[in-house]
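Place chain B on chain A using the hints.
Chains as they are written, first to last, in this note's numbering: chain A, 1 to 311; chain B, 1001 to 1311.
No lab work stands behind these hints: they were computed from the structure. Cβ coordinates follow ideal geometry from the N, Cα and C atoms, glycine included. Incorrect hints may have been included.
To be verified - Residues from chain A that face chain B, not an exhaustive set, calculated with beta carbons under 10 Å: (1) PHE89; (2) LEU105; (3) SER122; (4) GLN174; (5) THR178; (6) GLY185; (7) LEU202; (8) TYR203; (9) SER204; (10) PHE231; (11) ILE234; (12) LEU252; (13) LEU265; (14) LEU282; (15) ALA284.
Protein chains: 2
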Amino acid sequence: MTEKVAIVGAGLVGSGWAIVFARAGYQVSVFDPSPEVSERVNDWISWELTEHRELGLVDNADQVIDRISIAASLEEALKGAVYVQESVFETIPVKSEVAKAIDALLKPGMIVGSSSSGIPASKFTETCKNRRQFLVAHPVNPPHLIPVVELVPAPWTDPALLAECRVLMEKIGQVPVTVNREIDGFILNRLQGALLNEAWALYSEGYASVQDIDATVSHGLGLRWSFMGPFETIDLNAPGGITDYARRLSPLYHEIALSRSQPELWSQEAIGKAEQERRQVLSADALADRRSWRDDKLAKLSMFKRENLLT
Amino acid sequence: MTEKVAIVGAGLVGSGWAIVFARAGYQVSVFDPSPEVSERVNDWISWELTEHRELGLVDNADQVIDRISIAASLEEALKGAVYVQESVFETIPVKSEVAKAIDALLKPGMIVGSSSSGIPASKFTETCKNRRQFLVAHPVNPPHLIPVVELVPAPWTDPALLAECRVLMEKIGQVPVTVNREIDGFILNRLQGALLNEAWALYSEGYASVQDIDATVSHGLGLRWSFMGPFETIDLNAPGGITDYARRLSPLYHEIALSRSQPELWSQEAIGKAEQERRQVLSADALADRRSWRDDKLAKLSMFKRENLLT
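Okay, chain A solo, but in the shape it has when bound (with noise of 0.2 Å):
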């Protein structure tokens, strides 16, 4: 039989999930409480899934798209479901309404994982009586091209569940990562921040432009970074791997890290700049258009990755 996962918040985000669960063959019931969020889906499903089809990342896109209902309320959306992937608005009352509301409704053994980017799972599960089922599972956006997903449990939450979560996305095909215990920003965007807060600081002292620093990843640590991470990276960047790269090399980043003693904050008036260098780029009214290139080459690089064996 066919296992049901509920998804709970239909915009972008939670529409990513629906694709990402029904192309692995679950039946995905979609609850949104706005009725014209749920309208969209499925035009917006479909759109996407023609795309992949396209690009040859779905074969089946008919039968994926059949596989997703629209559910009328959330108590229908969760009935017979085993998973559930929530991903409402990142509030904290937003949040912690919703999960209230999905806790009544649960069955044990249930999991909830919740998109949640940076709030904490402990910061609106506390008072569920079903609190052992929840906890972060943060994808990237959109989680249907990139398949990074960080498992972040609450104090409460229950090990087993984790370990269970952990195996479903594994087996949907997505990457999972697990987060031992709760931090602000988790892992990926703590490492995302140290390297923005970096290239601010950069820039901000007029050591390179915009472009120039954007080129330095795009063109350089991003090429390496797109199939091997940071540690994979440095063990094999000197003959002897980790230990001989960290003898040689970890006194200049040492030295990289004390020569910024004080954090560096993004200042008003550096991010006023490199919005002007942006704009000369990449207009305003282009934004929309380049994230859909943007979406169209991660779909182009998922595909080369599989047929590389890099995924």
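Below, chain B without anything else, positioned relative to chain A:
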């Protein structure tokens, strides 16, 4: 008439540079003080170019090889060259000695770019009589597969020659980044270092395994960064562009920055543990094969980017 460049120092970096210039149509004269290194160069380049022909990266491998010759002396290598790429061993005494020898042979207008990844040109060119003609041109290894080159002038580098060097790098298909003044680690290694320092801190504190931290990059952050830099990424990640993104998310990133009030240094204990984790997935005697695997994937990714207009 075909222009000529000189490559001084023919290890992996120098040999990669020889390919970069030769495939762009330049006559390349390679000099290495060690006769064994000189002897190996031709074989290595032939082998590398055969691989590239198979991948479709070059279609005239024999012509490219024909453009590369081994010089018997530094003088022979530099004779008539418009540009010198120096890639000798990276210590101040070695770089200083080679800079001095090159200096004695320089004609007006010739530019000398050093592949130095960390030592700024001011540390090894101060006493050169033609020091205005020297700068750092730091590639990422291997330069024929990763196009970024950081151009870092010393305080005395002639700005006109810096600009000319940038044009030359664009002409040969590299992606130059201008670092306006010297700073430890330049741009690329500072960005890499910021991310690595946070990765080590998270690992040391037990938040996630080496493999999971790697996965957040190789299956998450790194996908976008392989064709967009960090600024373009955030510019596209909020409806109103980069200023809108900063308004929404800088508080989170500031919190992350402030949470590391002490610079996090790489601890010996963490390095030892990470080494163990890495050796479980990749044994020490498999490192060399994995490096070939990486270069093969980089070559394929380079083709993919070219075909998808992402270069």
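Hint-by-hint comparison with the structure:
Taken as an interface hint, PHE89/A does not check out: its beta carbon lies about 13 Å from the nearest beta carbon of chain B, beyond 10 Å. The criterion of a C-beta within 10 Å of any C-beta in chain B is not met by LEU105/A, whose closest approach is roughly 31 Å, and the hint is violated. Taken as an interface hint, SER122/A does not check out: its beta carbon lies about 15 Å from the nearest beta carbon of chain B, beyond 10 Å. Because the smallest distance between the Cβ of GLN174/A and any Cβ of chain B comes to about 8 Å, under 10 Å, the interface hint for this residue holds.
Using the Cβ-Cβ criterion of 10 Å, the hint placing THR178/A at the interface with chain B is satisfied: the shortest such distance is roughly 6 Å. Hint status for GLY185/A: holds, given a least beta-carbon distance of 5 Å to chain B, under 10 Å. Because the beta carbon of LEU202/A sits about 6 Å from the nearest beta carbon in chain B, less than 10 Å, this interface hint is met. The interface hint given for TYR203/A holds, since its Cβ lies 8 Å from the closest Cβ of chain B, which is under the 10 Å cut-off.
Of the supplied interface hints, the one on SER204/A is violated, with its beta-carbon coming no nearer than about 12 Å to a beta-carbon of chain B, more than 10 Å. At its closest, the beta carbon of PHE231/A sits 5 Å from a beta carbon of chain B; the interface hint therefore holds under the 10 Å criterion. Satisfaction of the interface hint for ILE234/A is found here, the shortest Cβ-Cβ separation to chain B being roughly 7 Å, below the 10 Å cut-off. The closest approach between the C-beta of LEU252/A and any C-beta of chain B is roughly 6 Å, which is under the 10 Å cut-off, so the hint is satisfied.
Hint status for LEU265/A: holds, given a least beta-carbon distance of 5 Å to chain B, under 10 Å. Interface restraint check: LEU282/A against chain B, minimum CB-CB distance 7 Å, threshold 10 Å, status holds. A cut of 10 Å between beta carbons decides the hint on ALA284/A: the least distance to chain B is about 6 Å, and the hint holds.
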